[in-house]
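Undergrad: Sequence:
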Amino acid sequence: MKKYLAMLLALIMVLALAVPAMAAEPETEFDADLVAAAQEEGELVVYGSCEEPYLAAAAEHFQELFGIEVQYQRLSGGEVQAKIEEENGKPSADVWFGGTSDPYNVAAEKGLLEAYEPANASHLIGDQYKNPDGLWYGIYKGILGLMVNKDELERMELPVPQDWQDLLDPMYEGLIWSSNYQTASTASVITNMAIQKYGHDEGIQYLVDLDKNIEVYTKSGSGPSKNVGTGECVIGIGFLHDGITQIVDNGYENIELVIPSSGTAFEIGATAIFKGAAHPNAAKLWIEYALSPDCVNLAKDTGSYQFLVIDNAEQPEQAAEFGLDPDNVMDYDFEDASKNISTYLEEVMEALGGGDDRFQTE
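So for the sequence shown, numbering that gives the first Met the number 0 puts the first residue at 0; every next one is plus one.
No lab work stands behind these hints, which were simulated from the structure alone. Treat the hints loosely; a few may be bogus.
Said to hold, decoys possible - The list that follows gives simulated cross-link-like pairs (lysine to aspartate or glutamate, DMTMM-like), each with its CA atoms no further than 20 Å apart:
| hint | residue 1 | residue 2 |
| --- | --- | --- |
| 1 | K274 | E42 |
| 2 | K218 | E316 |
| 3 | K196 | E345 |
| 4 | K149 | E231 |
| 5 | K149 | E201 |
| 6 | K82 | E108 |
| 7 | K82 | E113 |
| 8 | K196 | E346 |
| 9 | K338 | D132 |
| 10 | K149 | D132 |
| 11 | K274 | E85 |
| 12 | K211 | D356 |
| 13 | K211 | E345 |
| 14 | K109 | E345 |
| 15 | K338 | E349 |
| 16 | K338 | E113 |
| 17 | K338 | D356 |
| 18 | K338 | E108 |
| 19 | K196 | D162 |
| 20 | K89 | E113 |
| 21 | K196 | D208 |
| 22 | K274 | E84 |
| 23 | K211 | D168 |
| 24 | K109 | E85 |
Said to hold, decoys possible - Across the chosen pairs, the derived CB separations fall in these ranges:
| hint | residue 1 | residue 2 | range |
| --- | --- | --- | --- |
| 25 | A114 | A55 | 21 to 29 Å |
| 26 | V207 | E24 | 48 to 56 Å |
| 27 | E86 | Y197 | 30 to 38 Å |
| 28 | D126 | A55 | 53 to 61 Å |
| 29 | E51 | H199 | 12 to 20 Å |
| 30 | E68 | G352 | 44 to 52 Å |
| 31 | S91 | E349 | 27 to 35 Å |
| 32 | T27 | D162 | 37 to 45 Å |
Just so we're clear, the structure is a prediction, and the values are computed from it rather than from any experiment. All residues carry an ideal CB built from backbone N, CA and C; glycine is no exception.
Assemble the whole structure, with the sequences as input and the hints as a guide.
TA: So, in structure tokens, the structure goes:
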């Protein structure tokens with residue numbers, strides 16, 4: 000009897016190793032054939048441009064749900080775009096997760112993303128949250144704005160800026176942080192916003208004038224928000240959900256969030272498959288997962304408080320508590336942004352004289 004039980008136990012262990020099991024039960028129903036094909040590949044490599052805690056939680060939960068080994072790396076949107084362009088159809092990762100869609104659009108224009116029609120895209124709240132050719136899909140929406148240290152401005156006897164033009168006032172010289180035009184996808188949104196709001200030449204001139212008051216350009220778009228609470232940065236330009244993270248998770252109640260009064264831009268945080276992905280079925284399963292509550296509901300639990308664009312997900316209460324209205328934004332022209340942002344960024348850097356040490360990417 001003991002010999003029989005030992006043999007049975009050994010057989011069960013062999014079968015368990017041979018067939019990747021779902022270690023947890025997903026909330027969403029996923030296509031069984033796709034899951035099996037993805038498990039057969041057994042691996043997935045993810046580049047993430049959202050914040051690392053969210054990226055890590057999403058990757059680890061995918062591995063837990065499907066028994067597929069996931070490797071992930073956090074890179075800014077501009078870094079992923081540059082890396083994928085250099086690899087030119089032989090990508091070192093399978094999928095891209097998070098970060099604004101502007102660099103995704105550049106990659107799409109260059110034929111570096113793979114089209115896919117996920118079943119879970121039916122839960123998107125509008126067609127604007129997906130690429131018309133199925134090259135990327137939106138998972139969240141973030142509002143561009145200002146994060147200010149109220150205590151520091153009060154100490155300096157300076158008013159809280161309320162609009163983009165306020166930032167040009169010489170009284171804010173050396174107090175503003177923004178993101179690097181050469182590495183951060185957030186800087187792409189800032190550039191497009193300025194050009195769409197003021198016109199091409201006037202928009203670039205606005206960024207040149209703004210540069211006179213900027214002390215630091217951070218490698219990542221969330222960089223300014225991480226230094227406002229400490230007072231190292233007094234006024235940060237970035238996505239306001241990053242400011243909420245600093246207030247809610249890190250206790251910096253001295254931060255005030257400002258939606259510019261004349262209107263602002265917004266990002267669509269996206270996900271996509273790289274053309275030539277080594278694990279195409281696992282990549283497709285990732286897209287289905289990324290467009291499901293199993294993934295996006297992790298955001299608010301990891302300090303990411305963007306508005307979700309999936310109708311069966313739970314919106315983060317924190318965004319509404321801080322008075323952020325996801326519809327209080329300008330009519331952002333994503334088509335112009337996707338077609339011209341590379342040229343616009345080159346023109347901005349040229350107008351800034353090629354930049355200085357603040358634009359170093361190493």
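Undergrad: Which of the numbered hints above does this structure break?
TA: Those not satisfied are hints 2, 5, 10, 17, 28 and 29.
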